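There are 2 protein chains.
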Amino acid sequence: MQIHKPYLLFLGDARDPLAAKTAQGVVDWRAEWCVGQLRLPGCNADCRIPDLTIEAAIARGARTMVVGVANAGGVLPGHWVATIVAALAAGLDVATGLHVRLGSIPAIAEAAARHGRQLHDVRISDVVLPTGKGTKRAGLRLLTVGTDCSCGKKYAALALERGLRAAGLQADFRATGQTGVLISERGIAVDAVVADFIAGAAEWLSPANAPDHWDVIEGQGSLFHPSFAGVSLGLLHGSQPDAFVVCHEPTRTTMRGVQFPLPTIQQVIDRTIADGALTNPAIQCIGIALNTEALDDAAAREVLERTGRQHGLPCVDPIRIGVGPLVDELLRRFPRR
Amino acid sequence: MQIHKPYLLFLGDARDPLAAKTAQGVVDWRAEWCVGQLRLPGCNADCRIPDLTIEAAIARGARTMVVGVANAGGVLPGHWVATIVAALAAGLDVATGLHVRLGSIPAIAEAAARHGRQLHDVRISDVVLPTGKGTKRAGLRLLTVGTDCSCGKKYAALALERGLRAAGLQADFRATGQTGVLISERGIAVDAVVADFIAGAAEWLSPANAPDHWDVIEGQGSLFHPSFAGVSLGLLHGSQPDAFVVCHEPTRTTMRGVQFPLPTIQQVIDRTIADGALTNPAIQCIGIALNTEALDDAAAREVLERTGRQHGLPCVDPIRIGVGPLVDELLRRFPRR
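Top line first, the protein sequences correspond to chains A and B.
Quick note: the working numbering has the first sequence finishing at residue 337, numbered continuously throughout.
Quick note: the working numbering has the second sequence finishing at residue 674, numbered continuously throughout.
Just to be clear, a hint being listed does not mean it is correct.
[To be verified] Each pair of labels, with its calculated beta carbon distance range:
| id | chain 1 | residue 1 | chain 2 | residue 2 | range |
| --- | --- | --- | --- | --- | --- |
| 1 | A | Thr264 | B | Asp463 | 38 to 44 Å |
| 2 | B | Ile658 | A | Thr135 | 36 to 42 Å |
| 3 | A | Asn44 | B | Pro443 | 43 to 49 Å |
| 4 | B | Lys473 | A | Ser104 | 31 to 37 Å |
| 5 | B | Pro443 | A | Ala56 | 42 to 48 Å |
| 6 | A | Asp270 | B | Asp463 | 39 to 45 Å |
| 7 | A | Arg186 | B | Arg397 | 51 to 57 Å |
| 8 | B | Ser441 | A | Val100 | 48 to 54 Å |
| 9 | B | Val465 | A | Thr264 | 31 to 37 Å |
| 10 | A | Arg252 | B | Val464 | 29 to 35 Å |
| 11 | A | Asn71 | B | Ile386 | 46 to 52 Å |
| 12 | B | Pro378 | A | Arg332 | 57 to 63 Å |
Treat the hints as calculated values from the structure; they're not laboratory data.
These figures come from a predicted structure and were not determined experimentally.
Just so it is clear, CB atoms sit at the ideal spot from N, CA and C, and this is done for glycine as well.
Construct all of the structure, not just a fragment, from the sequences and the given hints.
This is how it looks when you write it as structure tokens:
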């Protein structure tokens, strides 16, 4: 995937900061690619980079406008089309992580053709996937799983890639969602593949590798989310993880987008082992990652300490305190040969 | 969906009878729509209807050639294209239940355009689906679940629709796969929707209904199948079944298409209740349906009696002995108001 950098991030009228998590993810992990953000009236997200018009962004070198806001269903609201057309007319390519193809919207297709610009549908893969086979592959795999959507699975996986590499191990982040694909410039949004191929996509993403190589696979959704659990299960089966980390947002009270209570961390551990054992009977939980962004430092340290003690596992916030204890636990359980 | 009847069923070079289960399903449930079958050299399936050339089928009134053979991955082998083009040239429409769109194959698209024929991609729905919400809907629902793919879930559901209607209840078969869609002329192949929408498709398929109305929903795959369990889980969550029937083929030793052992019926009951409780805590197993086609009558009766006794549930072969005991059990547990 060749998306020209740097980017202007379009936040639209995101209803809350989590709705702009694609933009925020690119800013947090690839700040050097982002010249600014473009927000519409009513936008409730802010990535804390300069607010720029399309023209000002181009003056700062922007080559592509990345639509950094998503919603359940992955549709493109009609009132965003004018901004996208204006970006194309002004000389920017456009990339999105929505389910809908940009080129399927006539005004956008026409503007791209007229101005010779590229459209990137990051969520939609052109790979011809096989169905999953369940056959064991060489190499080690870690999957981040969640009590919910949007609770830190991608950040934990990206931080673990860094942490494992810093510890001298071979490790690769494997993106399974549109933001991860934008950040790592490879991968497949598994929630956008045809349903029969979820496990097959996970197998394709994480092929056989050296025996001591870690694939750190970005999890999706939750086995307990009534909208998306099928994606989570197929990803778990295809990933065949040797190890997993449970990700959780301790201040959330209902699951994202639906009126369902959150499962407990222990329920997620138990179900992940029960389901994951189908393709890897040795699957084990090696730790917990909490997203404590909503808490002050004292409250964060208290909940991290308490949660770790309750479960007898290392418990970190990958952003606030880093993944050191998770890397140590992984090395302890899977010693280098 | 308007597919002109009657049909010539194309079996290609199906590697075994199960590979032609789409054709066999249409023959078994809609024999009056089928004038004959067309088989290529090497075909190991036989639907026991007349072998006809395209011309002979047209002479008997055929309007559409239905590709009645499927494979894991849902691709169209290149050596079938000539037969499909010949059917179009001779005046037949063509329908398939594959993942690939017929119109995406240039020779087929061109032949259809030249001869003014229709192409039907039964597995691919044009419905714009919502994501699943998990909200409880009025009406009663029964889902057939399986120890494996291709073990009798669709036949059990179709037989239950008939049996419930014969008992005076309101009941509708809800098709979730290409063969079910061909038979019932409505529904959605849930294995072919974008992964984020599996549960949403199941909710769409089985909308709110009268309090004593039964939707009998065709199951897909198995929660224990390493290729397709994600589809099975999303379908279970979206269907919110009040009742389920476990379907099983008692002579099978490994799961279809992969080297995995079959789960036990009890494992399927326990996991279906554990997973299904997320969207319907009152979910219960009301019986077992065995596909005993491979057994003689005495062996079939023995395994039915033994399996029912082991699990304390009614156990039938819906085709060999009918679904009477399942209907009775459903009426006992869900008495009419």
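Evaluated hints:
1. Evaluation of the 38 to 44 Å hint for Thr264 of chain A and Asp463 of chain B yields a pass: the beta carbon distance comes to about 41 Å.
2. Distance hint check: the CB atoms of Ile658 of chain B and Thr135 of chain A are about 39 Å apart, consistent with the given range 36 to 42 Å.
3. The beta-carbon spacing between Asn44 of chain A and Pro443 of chain B, approximately 48 Å, falls within the hinted interval of 43 to 49 Å.
4. Lys473 of chain B and Ser104 of chain A have their C-beta atoms about 34 Å apart, which keeps the hinted 31 to 37 Å range intact.
5. The supplied range of 42 to 48 Å is met by Pro443 of chain B and Ala56 of chain A, whose beta-carbon atoms lie about 46 Å from each other.
6. Between Asp270 of chain A and Asp463 of chain B the beta carbon distance is about 40 Å. The supplied range of 39 to 45 Å therefore holds.
7. Between Arg186 of chain A and Arg397 of chain B the Cβ separation comes to about 54 Å, which falls inside the hinted range of 51 to 57 Å.
8. Distance hint check: the CB atoms of Ser441 of chain B and Val100 of chain A are about 19 Å apart, inconsistent with the given range 48 to 54 Å.
9. Judged by the Cβ atoms, the range 31 to 37 Å given for Val465 of chain B and Thr264 of chain A holds: they are separated by roughly 35 Å.
10. Against the hinted window of 29 to 35 Å, the Cβ-Cβ separation of Arg252 of chain A and Val464 of chain B comes to about 32 Å, which satisfies the hint.
11. A C-beta distance of roughly 49 Å is found between Asn71 of chain A and Ile386 of chain B, which places it inside the suggested range of 46 to 52 Å.
12. For the pair Pro378 of chain B and Arg332 of chain A, the supplied restraint of 57 to 63 Å holds, since their beta-carbon distance comes to about 60 Å.
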